[in-house]
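**Student:** Residue numbers (our numbering), protein chains in the order written: chain R, 1 to 354; chain W, 1 to 354; chain U, 1 to 354; chain V, 1 to 354.
Mixed in with the good hints, there may be bad ones.
In the DSS-like style, the derived pairs of lysine-lysine whose C-alpha atoms are separated by at most 25 Å in a straight line are [as the list claims (entries may be wrong)]:
#	chain 1	residue 1	chain 2	residue 2
1	R	K21	V	K21
2	V	K199	V	K21
3	U	K251	V	K199
4	U	K88	W	K21
5	R	K88	V	K199
6	R	K199	W	K185
7	W	K21	U	K199
8	R	K88	V	K88
9	V	K251	R	K75
10	U	K199	V	K251
11	W	K251	R	K185
Simulated from the structure, these hints should not be mistaken for laboratory data.
There are 4 protein chains.
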Amino acid sequence: MAGNSFGNIFKLSSFGESHGKALGGVIDGCPAGIELDLEIVNKELNRRRPGQSEIVTQRKEDDSVEFLSGIFEGKTTGTPIGFIIVNKDQKSKDYSHIQNSYRPSHADFVYDKKYGFRDYRGGGRSSARETVVRVVAGSIAKMLLKDVKINAFVSSVGEIRYEYENTEINFDNIENSLVRCPDNKKSDQMVELIKSVKKNGDTVGGVISCIISGVPIGLGEPVFDKLHAELGKAMLSINAVKGFEFGSGFKGSTMRGSDHNDSFNADGTTKTNRSGGIQGGISNGMDIYFNVAFKPVSTIMRDQDSIDSDGNEVKVKGKGRHDPCVVPRAVPIVEAMSALVLADYLLLNRVSKI
Amino acid sequence: MAGNSFGNIFKLSSFGESHGKALGGVIDGCPAGIELDLEIVNKELNRRRPGQSEIVTQRKEDDSVEFLSGIFEGKTTGTPIGFIIVNKDQKSKDYSHIQNSYRPSHADFVYDKKYGFRDYRGGGRSSARETVVRVVAGSIAKMLLKDVKINAFVSSVGEIRYEYENTEINFDNIENSLVRCPDNKKSDQMVELIKSVKKNGDTVGGVISCIISGVPIGLGEPVFDKLHAELGKAMLSINAVKGFEFGSGFKGSTMRGSDHNDSFNADGTTKTNRSGGIQGGISNGMDIYFNVAFKPVSTIMRDQDSIDSDGNEVKVKGKGRHDPCVVPRAVPIVEAMSALVLADYLLLNRVSKI
Amino acid sequence: MAGNSFGNIFKLSSFGESHGKALGGVIDGCPAGIELDLEIVNKELNRRRPGQSEIVTQRKEDDSVEFLSGIFEGKTTGTPIGFIIVNKDQKSKDYSHIQNSYRPSHADFVYDKKYGFRDYRGGGRSSARETVVRVVAGSIAKMLLKDVKINAFVSSVGEIRYEYENTEINFDNIENSLVRCPDNKKSDQMVELIKSVKKNGDTVGGVISCIISGVPIGLGEPVFDKLHAELGKAMLSINAVKGFEFGSGFKGSTMRGSDHNDSFNADGTTKTNRSGGIQGGISNGMDIYFNVAFKPVSTIMRDQDSIDSDGNEVKVKGKGRHDPCVVPRAVPIVEAMSALVLADYLLLNRVSKI
Amino acid sequence: MAGNSFGNIFKLSSFGESHGKALGGVIDGCPAGIELDLEIVNKELNRRRPGQSEIVTQRKEDDSVEFLSGIFEGKTTGTPIGFIIVNKDQKSKDYSHIQNSYRPSHADFVYDKKYGFRDYRGGGRSSARETVVRVVAGSIAKMLLKDVKINAFVSSVGEIRYEYENTEINFDNIENSLVRCPDNKKSDQMVELIKSVKKNGDTVGGVISCIISGVPIGLGEPVFDKLHAELGKAMLSINAVKGFEFGSGFKGSTMRGSDHNDSFNADGTTKTNRSGGIQGGISNGMDIYFNVAFKPVSTIMRDQDSIDSDGNEVKVKGKGRHDPCVVPRAVPIVEAMSALVLADYLLLNRVSKI
């Protein structure tokens, strides 16, 4: 209801402000008996971690997660998995300048209006730091989804676009790229662009693509809870996201039905996959793929026109250590949200027939 | 859970197959005291109705709604509003040819796999006929949202694209266009395209844009239930939708932060509106706007390769009366789903502070 | 949220007023593939039907249900099951005398305060007529629960109490008794009491007991959604219910642990069953049993002190045809609500482990 | 879904095992702007704390709560309130004797069957230690409900019963009594009984009564979510509870309507209050009152017949430090669950009319 929970059966409830004592989450509805590899959780956190390379924010957040419940002798027990990530390197004073001012295209203004006041330290609850909780939960979801492979990568930064066929991508290359683009040449260009944008005190947007294979047939609920609708909501809930398309996407809207339809092979697979692995909201066993558009980060190191809480015009300028481009660090977040949706829908599908 | 309900407080539960006895819905959580104008409900249904023009399906469905509860002396009572739309003109025999065959890019195959069998008459539950229920509920939601103006229109059909500034659109023109595009010239081109596509037994996709004004500041819940995430899910749940973008959308991913950020005016409005009326998932009082991409209708009047339920290769060809392009009739559906989201979030916002 | 839905996975949404056009419901989340025997639905409705005997209300409501969706070729399809019961014999004019007056111990006063006005015809939504919807849904739930036997019966009317051991009851006798008490002698006494109370224009309360066998081990969710907590809520949601106890119940509060504990047999059954088939909120395979207390019906054929909506003191007296005692007709309602809980928890238990 | 969350709008998600690292909770949906007095939280925790007197368990759990989020400058921010209670004095080795054995009338057996294995240390998730989380959340709920007075007390222990009229109780006396019975004489008798039971290695049950005043008119949702149904579920979800009755309760089932009905006064109050402050599931402004029956604690210091996980017959005997009677420490838990229900329904009622 109040927006801090995600999922129906496999359900994450998230809490925590960027500059509070800790962030954390509770996963309720995780089935008993999953063998957990906590190293994988840490590995995923490191992919999201600030300071991991020269093109991301240099904030230091060591982001170590502490599990508090729901795990016994290395396995999930079926009871809620509580966990926290203690905040250590918060520099709250970096934010005193915005205590009464509203940063353009941030949530400061609307939080003040909605709640009557706000925790102004670093964006409080609206900070992308919250996504650390999603990555922890998503890594648990991945362990439930063991035959499913979720691969997200950066397909564009600003105007630089990696054009590809789904089948030709070398997923192993993703983590070798600072920007998480599997094409070496495009990766270099993207890195250069981010560096130059950063030098100018500016930021730039990008697109993350995701390809998911090994999804069983039958995931997705009809009508309102179609699989792609829930995936879309999951992606749109990530900070800075402005758009979502799956399968043929916006380009599909320009096509003819005779070109767009996916004919069947005798084994139930399809000859093409413009459907993006989902038909009528239900997975058909083909690869699921989609794109997620991210706007440029709102915090820039330049003077901007704004107002304070009394309506006076003021200048606001970013301070502290911020990302010039969010997409490299958002790759594991896209994967985590995908995993949360699929884990939940896998369980939902267990009750669809007798 | 099983996918046939939408909303948290203002909640629609939908039921019915395209060729069953009736479709219907229950709205629970509609506040008491709303004065209902049932003429408006019928007007909205007529906008979605088959047979309304030469460019849509010629099926006859008179789609009259019967309200069964929750209304007394012209006002909502606060108890659930039940309603049905009786099916009258179903030609189930049009579908006997697909009883054991799977239409390409339809939900036939996945329903069979998910549920073990399916109601094969006209797509059953996966038919877009289900959206009639959404239009009824959305029109009630609109009556709760009286100061909010929701205007959807067709902005592209196939490769024909209406380029516009949000502020220059003449919304009054929409209903004068067969295709619901407010630009006369583009409208004519779109109509021609649809006619020629139809003549070829083919179909074509398109884009619906929506602009919403008068939204109070503060609607939207943080983190997972951001206003645009719920709008996105709502749109992606409509049959044939492949993509959703709001504000600057996919184009925003190519921009710099210094160009993208919306500076404030002294009154709290913003000088630009690339945010699309939503910041941090919460409405800021500016216009909300978004685009919804629809694929071409899957039923085409041509032979296609497919299989039957025993895995034999067969040819499938559309029969009956189908839309060559779905977007003209989908305009009121986009508005209805927008209204359902906004009504729900308006009520949710009542409990955000003491 | 607004109180008209019940269940998590197997979910009933109910609508309709006692004197509106129809009552009805939507069952979402019923698994596909259940073979339905609609005769059983009618049989259950007849057990709840007014006019079935001389000790219940003589209103005529033929209560025939019409299924509108979710069933194909005799089986559930996995899509929502919509159904309606058209109101035929409403005598709305019987209620004009209470349009502005509040019947003591009815919901008239609180509905007016909560919603601003009310549908005053026959109690509107607060009427026990709503339970017809529960009986329909419960009978579908019973078909999912085929190995589970749910037997409710009347164990007391007023001060007349049938004392029994769970194991000695002849369930086949229940439907032979006008009052649905399996003991012939007590049944006769109860019938006599109800007749004499009715003659005095008065009403009387009673207790329904329920014994459920064949429940699989493992149903029930820990902490807040314990099986008995959900059963308790289900029973307390039935009109006129004032109390719920299971297993040893209130009497158990007077006992010592050494007397109360259920020792195990080697096969995992227990030697006694004071737990009532539920330990820690989870079914242990033993019989589940509980008691439900019903107050006397509030509508009596005598003058009572009341007020009108302007605060003037008035006399109110029942008109029309009402039950002198609700428990005989409430037996199938108790069973229906039990079935709804168990069907839902059976499905929930499918996702408790990998 | 999985049973560890409670509430619709004001929603508590709980986690933690009795012998894990910590217990904790997340309150989502608490409105912004509530001034918090954290002293009150600690005071409530002390009322539930082990070791508080000679008649309760002598375990030492200092039960200090740490709030991690959702509070800023002494007020709730509208974002989720996360908190933990670190476990300090767990003696897990006290439980090695039950690793493979099932304690009679405990949840050991059913957890093993439901989840495939269990955290056997001290009952794990099924331990009443979980209720510490409820007390924290309930104390926040009380701060939202400032005009509502919730007073629970012990009305019976074993066969010793405090008979009273609601209006004659001196609530100030409750905390002066070791057993939390406001009548000095009965309190002494109850304390004596508990001491003698404890000396015998046995345990005893009891009843907690609760009287709530100052509840606004209109709380409660019709049909399934009646206020008393939710209160009943809340109480039945507390460990060891076997029954719930409100207003006239089970005794009401023996009465005549003419005696039971509550006639109105001119001001809308009622002359009697057998309804228990709730009519048709909605509060009418009169005092809400109810009784909650607790069974004797299952852990007794005597040999009992049981089995191990291989089905071998074994003897089980309690070890460690346990309560001889649970009701004195359960009083604040009953109040906490009452507060959670009322806070949630207070917020729900904000959306019942325009």
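**Student:** Take the hints in turn and mark each one as holding or not.
**Tutor:** Cross-check of the supplied hints:
no.: 1; hint: R:K21 - V:K21; result: 18 Å, holds
no.: 2; hint: V:K199 - V:K21; result: 33 Å, violated
no.: 3; hint: U:K251 - V:K199; result: 23 Å, holds
no.: 4; hint: U:K88 - W:K21; result: 20 Å, holds
no.: 5; hint: R:K88 - V:K199; result: 51 Å, violated
no.: 6; hint: R:K199 - W:K185; result: 46 Å, violated
no.: 7; hint: W:K21 - U:K199; result: 46 Å, violated
no.: 8; hint: R:K88 - V:K88; result: 23 Å, holds
no.: 9; hint: V:K251 - R:K75; result: 49 Å, violated
no.: 10; hint: U:K199 - V:K251; result: 23 Å, holds
no.: 11; hint: W:K251 - R:K185; result: 23 Å, holds
The structure shown violates the earlier hints numbered 2, 5, 6, 7, 9.
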